[in-house]
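Novice: Below are the chains, spelled out letter by letter.
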Amino acid sequence: MGSSSSSRNKIPNAQELMDQTGFSSAHLLRLRDRFESLDRNNRGYLSRDDFEALGGLAMNPIGGRIIEAFFSSGQDTVDFSSFVRILAHFRPTDRNRNKEGTQQELPSSRTRKLKFAFQLYDLDRDGKISREELLQVLRAMLGLQVTEEQLQSIAERAIQEADLDKDDAISFDEFKKSLEKMDIDTKMSVSFLK
Amino acid sequence: MPSRTVSHGASGRLRGLFLVMVLVFLEGSVFTVAVASSDQHSPITAHSGSHKATDHGSHNNTGKAFPVLDLNYENVRVPFEISLWVLLASLMKLGFHLVPHLSNIVPESCLLIVVGLLVGGIIRGTGETVPPVLDSKLFFYILLPPIILDAGYFLPIRPFMENLGTILIFAVVGTLWNAFFVGGLLYGVCQIGTESSSILSRIGLLQCLLFGSIISAVDPVAVLAVFEEIHINELLHILVFGESLLNDAVTVVLYHLFEEFSGIGSVTLLKGFLGVISFFVVALGGVLVGVLYGILAAFTSRFTSHTRVIEPLFVFLYSYMAYLSAEIFHLSGIMALIACGAVMRPYVEANISHKSHTTIKYFLKMWSSVSETLIFIFLGVATVAGPHDWNWTFVTVTVILCLVARVIGVVGLTFIINKFRIVKLTTKDQFIIAYGGLRGAIAFSLGFLLKKEHFPEREIFLTAIITVIFFTVFVQGMTIKPLVELLAVKKKQEAKRSINEEIHTQFLDHLLTGIEDICGHYGHHHWKDKLNRFNKKYVKKCLIAGERSKEPQLIAFYHKMEMKQAIQLVESGGGIKMPSAVPSTVSMQNIQPRPPTKPAPERAIPQLSKNKEEEIRKILRTNLQRTRQRLRSYNRHTLVADPYEDGLSDLFLKKQKMFQIEKKLKEMNTYLTVPAPPPDSPTMCRARLASDPQAYSIKPASNKVPMIQVDLASPQSPDSVNLLDEFGQANQQEEEEQGLMMKPPSRPREAKKPSEEDEAKDQQRLMRCLSDPGPSADEDEDGAFLP
Chain A
8 MGSSSSSRNK IPNAQELMDQ TGFSSAHLLR LRDRFESLDR NNRGYLSRDD
58 FEALGGLAMN PIGGRIIEAF FSSGQDTVDF SSFVRILAHF RPTDRNRNKE
108 GTQQELPSSR TRKLKFAFQL YDLDRDGKIS REELLQVLRA MLGLQVTEEQ
158 LQSIAERAIQ EADLDKDDAI SFDEFKKSLE KMDIDTKMSV SFLK
Chain B
44 MPSRTVSHGA SGRLRGLFLV MVLVFLEGSV FTVAVASSDQ HSPITAHSGS
94 HKATDHGSHN NTGKAFPVLD LNYENVRVPF EISLWVLLAS LMKLGFHLVP
144 HLSNIVPESC LLIVVGLLVG GIIRGTGETV PPVLDSKLFF YILLPPIILD
194 AGYFLPIRPF MENLGTILIF AVVGTLWNAF FVGGLLYGVC QIGTESSSIL
244 SRIGLLQCLL FGSIISAVDP VAVLAVFEEI HINELLHILV FGESLLNDAV
294 TVVLYHLFEE FSGIGSVTLL KGFLGVISFF VVALGGVLVG VLYGILAAFT
344 SRFTSHTRVI EPLFVFLYSY MAYLSAEIFH LSGIMALIAC GAVMRPYVEA
394 NISHKSHTTI KYFLKMWSSV SETLIFIFLG VATVAGPHDW NWTFVTVTVI
444 LCLVARVIGV VGLTFIINKF RIVKLTTKDQ FIIAYGGLRG AIAFSLGFLL
494 KKEHFPEREI FLTAIITVIF FTVFVQGMTI KPLVELLAVK KKQEAKRSIN
544 EEIHTQFLDH LLTGIEDICG HYGHHHWKDK LNRFNKKYVK KCLIAGERSK
594 EPQLIAFYHK MEMKQAIQLV ESGGGIKMPS AVPSTVSMQN IQPRPPTKPA
644 PERAIPQLSK NKEEEIRKIL RTNLQRTRQR LRSYNRHTLV ADPYEDGLSD
694 LFLKKQKMFQ IEKKLKEMNT YLTVPAPPPD SPTMCRARLA SDPQAYSIKP
744 ASNKVPMIQV DLASPQSPDS VNLLDEFGQA NQQEEEEQGL MMKPPSRPRE
794 AKKPSEEDEA KDQQRLMRCL SDPGPSADED EDGAFLP
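Chains A and B supply the protein sequences, listed in that same order. Residue numbers for the first sequence follow my numbering, so the first one is 8 and each next one is one higher. Residue numbers for the second sequence follow my numbering, so the first one is 44 and each next one is one higher.
Chain A extracted, bound-state conformation (with noise of 0.2 Å):
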């Protein structure tokens, strides 16, 4: 990309961004013609329409959630910078580098990965997925097919394995256990943003 640097100027904070996020500049370009061709009406932010108007998202039983996380609370809008933090979260973590310090930081750790996700789950932002906010999920994501016992079976089902404290609701740490048999890095992560 011959004019990168001067493109670059049109990205606000950019070195910053990258330094915070681990995206090349390359990547970052790609994002910012995203984010401009999401931006209908030119804005310079993104606002729920715009990401409702994608079809996809609207079938997406969990549409709804993934729009509301790129959105910090009590705004309405999202601009560029937090549009890149949110995605950074889906870069493929980078195994092979060594323990640096600033290696948890990097939002495509896997920490940060799964906080995101334990973020999704937990809507009121108490720190616990309860067994309503669980019910909630299967309720989106099996939607009519299922009768409201399986549903409850389930859910009870999935405390009772995660919940090793008793609290009736899934913490992130317990989250975090029950999940360490999975591949989060590969599961929650998007080739194109690598």
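Calculated from the structure, these hints are not laboratory results. Predicted model only: the values in this text are computed from it and were never measured. Using N, Cα and C, we set each Cβ at its ideal position, and we do this for glycine too. There may be inaccurate statements among the hints.
[Said to hold, decoys possible] Here are the simulated lysine to any residue pairs, SDA-like style, with alpha carbons at most 25 Å apart:
| no. | chain 1 | residue 1 | chain 2 | residue 2 |
| --- | --- | --- | --- | --- |
| 1 | A | 188 | B | 611 |
| 2 | B | 471 | A | 190 |
| 3 | B | 408 | B | 534 |
| 4 | B | 571 | A | 127 |
| 5 | B | 603 | A | 170 |
| 6 | A | 194 | A | 168 |
| 7 | B | 471 | A | 198 |
| 8 | A | 188 | B | 140 |
| 9 | B | 467 | A | 117 |
| 10 | A | 188 | B | 208 |
| 11 | B | 579 | A | 159 |
| 12 | A | 188 | A | 121 |
| 13 | B | 573 | A | 44 |
| 14 | A | 184 | A | 119 |
| 15 | A | 194 | A | 173 |
| 16 | B | 408 | B | 140 |
| 17 | B | 136 | B | 579 |
| 18 | A | 194 | B | 427 |
| 19 | B | 580 | A | 143 |
| 20 | B | 404 | B | 185 |
| 21 | B | 471 | B | 140 |
[Unchecked claim] Partial selection, computed: residues in chain B whose CB lies under 10 Å from chain A:
| no. | residue |
| --- | --- |
| 22 | 545 |
| 23 | 547 |
| 24 | 554 |
| 25 | 561 |
| 26 | 572 |
Since chain A is already given, all that's left is putting chain B on it; use the hints.
Specialist: Chain B only, in chain A's frame:
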């Protein structure tokens, strides 16, 4: 010939081993005698035949003695010998595991080859000609399909699909590289390294290339045999194994190509181009044939609800037909078989009964196990038998070249592949992949198929192939286990998938699909999501019977888990006496009169405490005993099981009490009704009615009995009646006067509806799986149907 070995404990093992050895010797001697007598017997029969004819002609009322004991081996010869071989293979398998520590050091495949060598040696030693057991037809049509079907049916789809690109590159490019490298260099060595008059220099380039293509294919049988014992992590396993399966297409094409060329003698560019096209035809055609038959099988299984007994047969037949049909057109039979098994599995499993599923699983495992054993034994025998032509140069160069080619191939390809992979392959991984490239019986059979007229150097080839096979299986097979330990390669994790993992996997799938949508990038998840939608919308409706088609995967998984847990509980808690004096809390909820208006579900926290476990065990145990009374009549068309051969006397007593309590309950009012899911909740229906129509005749009379809708569907099944009985009975013994009032439980509890339902499901499903001794560590089943 008695063939019962009993082994218990260490001394028992040695004793068992001794018995097995005796049996094997007996069998070996019978075998040699059989082989010997088969040659001698024919003249005798012919002679006596003619003698009898003349006799009959001359004397009508003959005074010849009636043969009380006659020896006629000829009629039985072929089946008898086949059975002897299979018996030998099975006894060997038994024997190995009885010898302490042996199976840890030496992989089974090596031992079996040694046994084959011994048997071949014995047969040769007695002067007989060794039968050509590894006949290509036998191998390709009888011995190989069960192994491949077993592999394909239980193929873990998700890791396979996720790594499909890598696997394909290894299979196609890797095999091509190996073939040309080995073939080319071998030709060079033959031409340059030896004098022009030696036999080696007469081997043409095409023949060398053909040899290269035969020897370069990684063999699924050998890989399975060795990798099974080292329990390596899933990724590496699927990579090597997937490669061994998919390279069949390449091998088939190359083999026919070079055979054709060697016959005709002229190579044109057009033919080369056609060869490339034919590769795609072979591979894709094979897959297509497999998919077609898989869909047919799935569709057929939709209608088998009334003839459960032959369900497994459909699975086997369709798969075998897929294999044979592919072979008709020279397409890749292995790929057809894999495709058929993988496609049919999710739909068939949704349709068939649990017993059929178990049957399929065990038959496949049994056949593939026997096949594998036989293949290795035959390899040993064929080594002794086969015409050999040992040529030091050729053989050693081949072995070295194979190793070198494999290493270079893997390293080079990994370098390229890692650019596209999210999870890179480390050096350790590469080493294991390279080291796990074992050759096996397929190579030998392909070599055996070569015709002597076209290939005068066939014996040299065969000897070299056998040497390579021996080398890889013995040296690499034996050392891979300690190497895995040494390099601390990640082992296979205990595949107990928890419901949490399942939920989160689906959740993350949706999440990733959404993110991909936002990025505007149509990646992996997007297509997977599309495929899932298509599957749910159209395909499942066609191929899955009735209500099951709407059941989402998560529910199916959940039910499976519950069932497994139920089985485990019963197995572990089998010694519980019943009925105990502890009032069960479940019945407490139901029998104690409560205000009909139950408040909206206020689920308290049910915990799987010890008490509840006890209860579940008790329930299950009692109901197991109960089913025994029903399973009295037996006929071949209804599979009913009677697993526990305990005393039946107490059953009569219980039966009487049961009727008493039923009567009493009919007088009581409706209490708590657990809101039941729609009556024909598919899994419930299937659970109750599917496998034993006889055992589960619904009693219409008891429809009104309120009870313990521990049975979730409205029509009352005898099971729930029984459930009540026990509790009723338990309490009757204590508090006869108070009727069925029970003491409040020690802990305050609200309605534990979910757990009741669990128990109901447990016990109901348990009925279906009574005959199943319990699948042990079946990771295959834990995998979700469709990713």
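Novice: All the hints need checking, so say for each whether the structure fits it.
Specialist: Structure-based check of each hint:
1. For the hint linking residue 188/A to residue 611/B, the alpha-carbon distance of about 23 Å falls within 25 Å, and the restraint holds.
2. For the hint linking residue 471/B to residue 190/A, the alpha-carbon distance of about 19 Å falls within 25 Å, and the restraint holds.
3. Distance hint between residue 408/B and residue 534/B is fulfilled; the C-alpha atoms sit about 23 Å from each other, no more than 25 Å.
4. Distance check on the hinted pair: residue 571/B and residue 127/A sit about 22 Å apart at the alpha-carbon level, within 25 Å; holds.
5. Taking the CA atoms of residue 603/B and residue 170/A, the gap is near 21 Å; set against the 25 Å cutoff, the hint holds.
6. Of the pairs offered as hints, the one joining residue 194/A and residue 168/A holds, with about 22 Å between alpha carbons and a cut-off of 25 Å not exceeded.
7. Between residue 471/B and residue 198/A, the direct Cα distance comes to roughly 23 Å. Compliance with the 25 Å bound is thereby established for this hinted pair.
8. Between the alpha carbons of residue 188/A and residue 140/B the distance comes to roughly 32 Å, so the proposed pair goes past 25 Å and is violated.
9. Of the pairs offered as hints, the one joining residue 467/B and residue 117/A holds, with about 16 Å between alpha carbons and a cut-off of 25 Å not exceeded.
10. About 24 Å separates the Cα atoms of residue 188/A and residue 208/B, which keeps this hinted pair within 25 Å; it holds.
11. Straight-line distance between C-alpha atoms of residue 579/B and residue 159/A comes to about 23 Å, which keeps the hinted pair within the 25 Å bound.
12. At roughly 13 Å between alpha-carbon atoms, residue 188/A and residue 121/A fall within 25 Å of each other, so this suggested pair holds.
13. Distance check on the hinted pair: residue 573/B and residue 44/A sit about 24 Å apart at the alpha-carbon level, within 25 Å; holds.
14. With a CA separation close to 14 Å, the supplied pair residue 184/A and residue 119/A stays within the 25 Å bound.
15. The hinted pair formed by residue 194/A and residue 173/A fails the criterion: a straight-line CA distance of about 29 Å is larger than 25 Å.
16. Of the supplied pair hints, the one linking residue 408/B and residue 140/B holds, its CA atoms being roughly 17 Å apart against a limit of 25 Å.
17. Taken as a hint, the residue 136/B and residue 579/B pair is broken in the structure, with Cα atoms around 44 Å apart against an allowance of 25 Å.
18. Between residue 194/A and residue 427/B the alpha-carbon distance is near 51 Å, which puts this suggested pair outside the 25 Å criterion.
19. For the hint pairing residue 580/B with residue 143/A, the CA-to-CA distance comes to about 24 Å; that is within 25 Å, so the pair holds.
20. With a CA separation close to 19 Å, the supplied pair residue 404/B and residue 185/B stays within the 25 Å bound.
21. For the given pair, residue 471/B sits about 31 Å from residue 140/B by alpha-carbon distance, which is inconsistent with the 25 Å threshold.
22. Taking 10 Å as the C-beta contact cut-off toward chain A, the hint placing residue 545/B at the interface holds, the least distance being around 9 Å.
23. For residue 547/B, the interface hint holds, since its Cβ comes within 10 Å of a Cβ in chain A; the closest pair sits about 6 Å apart.
24. Nearest Cβ of chain A to the Cβ of residue 554/B: about 6 Å, under the 10 Å cut. The hint holds.
25. The interface hint given for residue 561/B is met, as the beta carbon of that residue sits about 7 Å from the closest beta carbon of chain A, less than 10 Å.
26. Taken as an interface hint, residue 572/B checks out: its beta carbon lies about 8 Å from the nearest beta carbon of chain A, inside 10 Å.
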